[in-house]
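Novice: Chains L and B are the protein sequences, given in the same order. Going by our numbering, the letters in the first sequence line up with residues 7 to 193, in that order. Going by our numbering, the letters in the second sequence line up with residues 7 to 193, in that order.
Be aware that a few hints might be false.
Remember, identical chains collapse to one label, so a pair may be satisfied in a single copy or spanning two.
Unchecked claim - Computed list of lysine-lysine pairs in DSSO-like fashion (alpha-carbon distance at most 30 angstroms, straight line): (1) K16 / K56; (2) K16 / K182; (3) K169 / K16; (4) K61 / K169; (5) K16 / K143; (6) K166 / K16; (7) K169 / K143; (8) K61 / K16; (9) K162 / K44; (10) K61 / K44; (11) K44 / K16; (12) K162 / K16; (13) K16 / K168; (14) K169 / K56; (15) K182 / K44.
Simulated from the structure, these hints should not be mistaken for laboratory data. Everything numeric in this text was worked out from a predicted model, so none of it was measured.
There are 2 protein chains.
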Amino acid sequence: MNYCSDCGEKVSLVIPAGDNRHRYVCDSCQIIHYENPKIVTGCIAEWNEKILLCKRAIEPRIGLWTLPAGFMENSETNMQGAARETAEEANAQVENMQLFCVFSIAHINQVYTMYRGDLVNGEASPGIESLETSLLKEEEIPWQALAFQVISETLKLYYKDKKQGDYETHYGDIFKQDDGTFTVNYF
Amino acid sequence: MNYCSDCGEKVSLVIPAGDNRHRYVCDSCQIIHYENPKIVTGCIAEWNEKILLCKRAIEPRIGLWTLPAGFMENSETNMQGAARETAEEANAQVENMQLFCVFSIAHINQVYTMYRGDLVNGEASPGIESLETSLLKEEEIPWQALAFQVISETLKLYYKDKKQGDYETHYGDIFKQDDGTFTVNYF
Chain L
7 MNYCSDCGEK VSLVIPAGDN RHRYVCDSCQ IIHYENPKIV TGCIAEWNEK ILLCKRAIEP
67 RIGLWTLPAG FMENSETNMQ GAARETAEEA NAQVENMQLF CVFSIAHINQ VYTMYRGDLV
127 NGEASPGIES LETSLLKEEE IPWQALAFQV ISETLKLYYK DKKQGDYETH YGDIFKQDDG
187 TFTVNYF
Chain B
7 MNYCSDCGEK VSLVIPAGDN RHRYVCDSCQ IIHYENPKIV TGCIAEWNEK ILLCKRAIEP
67 RIGLWTLPAG FMENSETNMQ GAARETAEEA NAQVENMQLF CVFSIAHINQ VYTMYRGDLV
127 NGEASPGIES LETSLLKEEE IPWQALAFQV ISETLKLYYK DKKQGDYETH YGDIFKQDDG
187 TFTVNYF
């Protein structure tokens with residue numbers, strides 16, 4: 007951020023009075039521009055013993071597999087966002103959605119919210135951001151070709167719950183270590 | 007938003023190519039400025055049969071009661087944010103935190119995440135954003151003087167689960183009707 011989005015003058019990175027964090031503050035109109043984490047919301051769409059994965063057509067991680075998910079938009083609920091992303095990325099409808107997991111990923115300022123839902127009629131096809139969609143059994147999941155750590159953690163939790171026949175709502179934190187590996191804390 | 011925060015030139019509200027929503031796009035450098043929902047995170051801090059409430063010292067709803075909560079910051083986890091807000095608003099420490107509920111409030115572009123936790127030593131005192139803090143039993147909750155609908159809904163769920171002796175993680179959507187009243191959908 008270089009300029010004030012309200013008045014167009016220069017901003018400076020300072021700690022405002024009464025605050026304890028650096029914020030971009032306008033040198034002219036003094037407005038404080040807060041920056042906060044974003045929510046990524048998505049879905050495990052189930053059909054019989056299979057789930058829906060999408061092969062990414064866009065960066066980052068083009069060509070790798072993911073669950074349909076994306077940034078939550080203003081004026082929608084979190085669950086509506088998950089359903090919208092599933093429709094956009096896989097031309098798929100989901101129903102009977104339940105919140106399955108919430109992951110904080112502090113180093114990229116994101117919170118992931120992932121739902122489980124029934125894939126209507128088992129129908130899916132690639133949206134503009136996907137090269138391919140596929141309905142896969144557990145033994146067909148391409149664990150080494152998943153796009154993001156959070157997707158891998160979500161699917162591990164999912165199959166663990168599935169074996170127990172009891173799905174909970176999970177919360178966890180994903181941390182990136184200095185050597186590039188990840189650790190996950192579950193609560 | 008009137009000006010581009012990157013280059014300082016004017017922005018226009020248009021639907022970018024390949025998108026289906028209006029975004030602020032810079033007339034000069036063409037960068038798209040996305041706006042997304044914010045996360046409010048907070049805590050039900052428990053001490054024996056009581057919970058911690060704060061009387062707000064700031065607008066909106068100054069003088070009304072709330073659970074400690076506020077906007078999640080970059081570079082923290084969702085749970086860390088809930089603990090930080092509890093420390094800032096009530097000089098209180100919480101431990102053994104569990105995610106209790108997630109509420110989408112689409113008309114204000116917010117998602118609330120509320121935790122349950124143990125209030126360490128039962129100690130609390132007003133932070134700068136609170137006029138007063140209080141440890142209250144269920145029959146002492148000032149239901150008619152709560153600051154926000156989402157706080158009321160959170161506490162109703164909490165006492166329902168408490169009676170059953172079993173706390174779940176809940177998800178719900180809060181909608182504001184044209185007449186100013188609220189409806190809540192639970193999933």
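Novice: Among the hints numbered above, which are violated by the structure, and what are their numbers in rising order?
Specialist: 1, 2, 3, 5, 6, 8, 12 and 13
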